[in-house]
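*Asks:* Going down the list, the sequences are from chains A and B.
Be aware that the first sequence starts at 1, since it is given in our numbering, and climbs by one per residue.
Be aware that the second sequence starts at 1001, since it is given in our numbering, and climbs by one per residue.
Worth double-checking, as some hints may not be accurate.
Derived DEER-like restraints, expressed as beta-carbon distance ranges [claimed, not checked]: (1) B:Y1014 - A:A28: 49 to 55 Å; (2) B:R1291 - A:T202: 45 to 51 Å; (3) B:A1178 - A:A316: 43 to 49 Å; (4) A:T202 - B:A1178: 36 to 42 Å.
Coverage of chain A stretches by chain B, computed from C-beta distances (three or more under 8 Å per stretch; other residues unrestricted) [said to hold, decoys possible]: (5) 24-36; (6) 371-377; (7) 380-394; (8) 406-416.
No farther apart than 20 Å at their CA atoms in a straight line, the calculated lysine to aspartate or glutamate pairs in the EDC-like style are these [what the hints assert, rightly or not]: (9) A:K227 - B:D1225; (10) A:K216 - A:E72; (11) A:K250 - B:D1225; (12) B:K1216 - B:E1321; (13) B:K1017 - B:E1005; (14) B:K1227 - A:E220; (15) B:K1227 - A:D205; (16) B:K1110 - A:E392.
Please keep in mind that the hints were generated in silico from the structure rather than gathered at the bench.
For each residue, glycine too, the CB sits at the ideal point set by N, CA and C.
2 protein chains.
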Amino acid sequence: MNSVENRLSEIDAYMLKLGAQARDASSAIARATTAQKNRALLATAEAIADSREALYAANKQDLEAGRAKGLEPALMDRLELTDARIDTMIEGLQQVAALDDPVGAVSDLKYRPSGIQVGRMRVPLGVIGIIYESRPNVTCEAASLCLKSGNATILRGGSEALHSNQAIARCIAAGLSAAALHEHVIQVLDRTDRDAVGRLITMPDYVDVIVPRGGKGLIERISRDAKVPVIKHLDGNCHIYVDARADLDKALTVTVNAKTQRYGTCCTLESLLVAEPVAADFLPTLGVQLRKHEVEIRACEQSCGLIEGAVPATAADWEAEYLAPIISIKIVPDLDAAIAHINRYSSQHTDSILTEDFGRAQRFLREVDSSSVMVNASTRFADGFEYGLGAEIGISTDKLHARGPVGLEGLTSQKFVVLGDGHIRQ
Amino acid sequence: MNSVENRLSEIDAYMLKLGAQARDASSAIARATTAQKNRALLATAEAIADSREALYAANKQDLEAGRAKGLEPALMDRLELTDARIDTMIEGLQQVAALDDPVGAVSDLKYRPSGIQVGRMRVPLGVIGIIYESRPNVTCEAASLCLKSGNATILRGGSEALHSNQAIARCIAAGLSAAALHEHVIQVLDRTDRDAVGRLITMPDYVDVIVPRGGKGLIERISRDAKVPVIKHLDGNCHIYVDARADLDKALTVTVNAKTQRYGTCCTLESLLVAEPVAADFLPTLGVQLRKHEVEIRACEQSCGLIEGAVPATAADWEAEYLAPIISIKIVPDLDAAIAHINRYSSQHTDSILTEDFGRAQRFLREVDSSSVMVNASTRFADGFEYGLGAEIGISTDKLHARGPVGLEGLTSQKFVVLGDGHIRQ
Chain A
1 MNSVENRLSE
11 IDAYMLKLGA
21 QARDASSAIA
31 RATTAQKNRA
41 LLATAEAIAD
51 SREALYAANK
61 QDLEAGRAKG
71 LEPALMDRLE
81 LTDARIDTMI
91 EGLQQVAALD
101 DPVGAVSDLK
111 YRPSGIQVGR
121 MRVPLGVIGI
131 IYESRPNVTC
141 EAASLCLKSG
151 NATILRGGSE
161 ALHSNQAIAR
171 CIAAGLSAAA
181 LHEHVIQVLD
191 RTDRDAVGRL
201 ITMPDYVDVI
211 VPRGGKGLIE
221 RISRDAKVPV
231 IKHLDGNCHI
241 YVDARADLDK
251 ALTVTVNAKT
261 QRYGTCCTLE
271 SLLVAEPVAA
281 DFLPTLGVQL
291 RKHEVEIRAC
301 EQSCGLIEGA
311 VPATAADWEA
321 EYLAPIISIK
331 IVPDLDAAIA
341 HINRYSSQHT
351 DSILTEDFGR
361 AQRFLREVDS
371 SSVMVNASTR
381 FADGFEYGLG
391 AEIGISTDKL
401 HARGPVGLEG
411 LTSQKFVVLG
421 DGHIRQ
Chain B
1001 MNSVENRLSE
1011 IDAYMLKLGA
1021 QARDASSAIA
1031 RATTAQKNRA
1041 LLATAEAIAD
1051 SREALYAANK
1061 QDLEAGRAKG
1071 LEPALMDRLE
1081 LTDARIDTMI
1091 EGLQQVAALD
1101 DPVGAVSDLK
1111 YRPSGIQVGR
1121 MRVPLGVIGI
1131 IYESRPNVTC
1141 EAASLCLKSG
1151 NATILRGGSE
1161 ALHSNQAIAR
1171 CIAAGLSAAA
1181 LHEHVIQVLD
1191 RTDRDAVGRL
1201 ITMPDYVDVI
1211 VPRGGKGLIE
1221 RISRDAKVPV
1231 IKHLDGNCHI
1241 YVDARADLDK
1251 ALTVTVNAKT
1261 QRYGTCCTLE
1271 SLLVAEPVAA
1281 DFLPTLGVQL
1291 RKHEVEIRAC
1301 EQSCGLIEGA
1311 VPATAADWEA
1321 EYLAPIISIK
1331 IVPDLDAAIA
1341 HINRYSSQHT
1351 DSILTEDFGR
1361 AQRFLREVDS
1371 SSVMVNASTR
1381 FADGFEYGLG
1391 AEIGISTDKL
1401 HARGPVGLEG
1411 LTSQKFVVLG
1421 DGHIRQ
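Same shape as in the complex, but just chain A:
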């Protein structure tokens, strides 16, 4: 065996061991009581509160290595553990502890003509693999949601956050131990080879689902290579359609909020469609507002004439997720054209219609094929907390299993339960 083969077979052995441990732990955590899981979450929060110095020291190692490697400022920012970020981790653990336990909930239990009762029981998925990039606080957030939903987890963070992640992993281990839970319920990889990721996503015997969190490149690569289902979110090219029967005052407020409240989120407005009959009334005022926020406007030919300072949009703009103070604007003749444009160019994340017309609102809700469809609301509401899920592990733009923000329920599935008293099939 040459040295490459040696290394690969060593990674293989390491990952298979982790996988087998996770599978083993998954049946233990699936049976754990709600009280036990909450105890582990709260004990982890305490361990983090007691380990601030150790966390800063570990994080400092990562930051220094990052500076030496010349990581770009945005990455360095995400990598840093501040006092506020540690507080957020602690609060997050307490919030997840306070959420209802989804596991074991039985719904729709009904008698059937045969005399049996049939219902559905919510159960964990099993083992969840989380692959993420530089933010070390994801270690804590993702682990807490997987734990509360009764799953075992294997976490693989970015190489630049290795020391920070290991320090957080020690707090989680203390939490599991305080609740007398299986030590392998949450495992954080202590190596960052890319080949380890390749193995993690191709062990269907040991991993039931992969949740990648990070840039589009990471997620595309994982979706392409995985032999395990992936709960994923690619991009958020979100639309607002201002209908001919929109209340233009509301439309102005909602559009400006959806574009400017935060530029870098996946539910930020990227592309605005305006019905022709109201374009001349709406767009000049909107243009003034957006310019105040220094938003660059890339517009179709017709709307360029209505908006001071707008530049002509190219075909690529209709597909773009800017994540920046840029917006594309297009005038469309009517609702049909708006729905057709959205179903063609949207990334099926979040799209909103602004209208006072009941029938058109109903049609938009039904016909736009996106994970969140809205009427008279800012796309910025597409978020697990705003939806009342308590927390989210991500937003899915897939169609199977979970669509939209994925909370605790999205990390479970339902099995059938049948209750009888000696019933037989005729």
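Guided by the hints, dock chain B onto chain A, whose structure is given.
*Replies:* Below, chain B without anything else, positioned relative to chain A:
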């Protein structure tokens, strides 16, 4: 280009055309009214009733070709369209028309503290690919469920049923036309090359999910090669555990029913576990009953001593799905051992405990990780009709999306709907 390349590029073009047509049709059928979909189903039923002669003629061609090719009797039997089977197709279409339409149903619509209302709307998956083997009536069953759930469908039946499937496809086309629905809502492949299947399962742009129906070999091949999610069911190694606190009279009736009511179904009992304290009371009587049904008994060493005519089981028996008058029997010390055995050897399809003990029943329901878990009921109940789903497209042993019998709801997912009145994110 040589002739193989020529053929492959021709298949490619054919499949991509079908895919693009299906994608196009899927947005039309997603918007269709319930009345329109029911009209198509009932018109298809009428077309089938009016086409008995044409169906028999087409089926005769397939049967003659099958005889000439020397197909085995079981396959020839499944291939045949009898009067009763045509009646069943017609009734099936009428039953699906009578089911509630799942599409557009909104649930859990609630006000959030921000003032928006958030709920979930049930929506079709999009385009479903169905791959099946010799039974031509699957064409009709699968098409009707996909249609009612608002999906476009591409069906690829077995080569031995080509003429029968085409004849049924003509009836479906007549039904779609009578309801003025898009002609490509249901497309039945008129070619049977294996490469066409390879293409169908690797077109994520055009196909949202694959449902394979057939033998384990087919399903394993498709799961391995697919680049699209697969709703699948591998095998049904179903268990009954007779607990020490079982009512042995009920246990006898239920066990005999689960094993002998039908041998060839995926929810037939294959492996029986008996708690040691009741084994000597239960097994001799059970042996007598099973022998009356000419069931071969393969038993562990200890139970061989209690059952006349039993032969020793080998390790392979604990994993076997017999689909035949054979049963494996093992004595276990207690509930823990039974759950451990089932979670190790079961195919996670359907497993049942027979006990009068409340706590043990609860533990079994919670801890057995199968798509259907039962108390005091025959495993033979694991079926879409018995569960009240109305009909089923298959039984899923997967964990994500749908587990257990998959009815209309399993062919849909849920998107979020948000209703506001000019609400913005703070």
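*Asks:* Indicate, hint by hint, whether the structure satisfies it.
*Replies:* Comparing the hints with the structure gives:
| no. | hint | in the structure |
| --- | --- | --- |
| 1 | B:Y1014 - A:A28: 49 to 55 Å | 51 Å, holds |
| 2 | B:R1291 - A:T202: 45 to 51 Å | 48 Å, holds |
| 3 | B:A1178 - A:A316: 43 to 49 Å | 44 Å, holds |
| 4 | A:T202 - B:A1178: 36 to 42 Å | 48 Å, violated |
| 5 | 24-36 | holds (count 3) |
| 6 | 371-377 | holds (count 7) |
| 7 | 380-394 | holds (count 6) |
| 8 | 406-416 | holds (count 4) |
| 9 | A:K227 - B:D1225 | 10 Å, holds |
| 10 | A:K216 - A:E72 | 18 Å, holds |
| 11 | A:K250 - B:D1225 | 50 Å, violated |
| 12 | B:K1216 - B:E1321 | 11 Å, holds |
| 13 | B:K1017 - B:E1005 | 18 Å, holds |
| 14 | B:K1227 - A:E220 | 13 Å, holds |
| 15 | B:K1227 - A:D205 | 19 Å, holds |
| 16 | B:K1110 - A:E392 | 18 Å, holds |
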